[in-house]
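S.K.: Numbering of the sequence shown is given in my numbering, commencing with residue 161 and proceeding in unit increments.
If you're looking for bench data, these hints aren't it; they were derived computationally from the structure.
Predicted model only: the values in this text are computed from it and were never measured.
It is possible that part of the hints are untrue.
Claimed, not checked - List of simulated lysine-lysine pairs, DSS-like, C-alpha gap at most 30 Å: (1) 195 / 184; (2) 184 / 163; (3) 163 / 208; (4) 208 / 165; (5) 208 / 195; (6) 184 / 208; (7) 165 / 184; (8) 195 / 163; (9) 195 / 165.
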Amino acid sequence: MTKIKMESDANVVCTALCSSQFDKAPIGVLLREIKFQMFVSFVNVRVKHCPRACNFLAHNLAGVGANLTLGGVLLWLAAH
């Protein structure tokens, strides 16, 4: 995998990952490390803001995962 597209409903996260605006913030070291890892691990990285209304399914799915017990497994079966 050489290309990655990341979407987030958190505009400040997108801004932080696409600029140096927050590099001197208290979490600046972490942001710089994330950016470094993104750009040395992938040939093409795109970060895009996506309003929560457009990201409804992913937001709810993340909530389901966050509510699993540690080590819990959720099996999703779909009919084809």
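S.K.: Compare the structure with each hint and give your call.
M.R.: Results of checking the hints against the structure:
1. 195 / 184: holds, 14 Å
2. 184 / 163: holds, 28 Å
3. 163 / 208: holds, 14 Å
4. 208 / 165: With a Cα-Cα distance of about 8 Å, the restraint between residue 208 and residue 165 holds, given a limit of 30 Å.
5. 208 / 195: With Cα atoms ~14 Å apart, residue 208 and residue 195 stay inside 30 Å; holds.
6. 184 / 208: Since the Cα atoms of residue 184 and residue 208 sit roughly 22 Å apart, the hinted pair holds (cutoff 30 Å).
7. 165 / 184: holds, 25 Å
8. 195 / 163: Holds, because 14 Å separates the two Cα atoms, which is no more than 30 Å.
9. 195 / 165: holds, 13 Å
Hint compliance for this structure: every hint is met.
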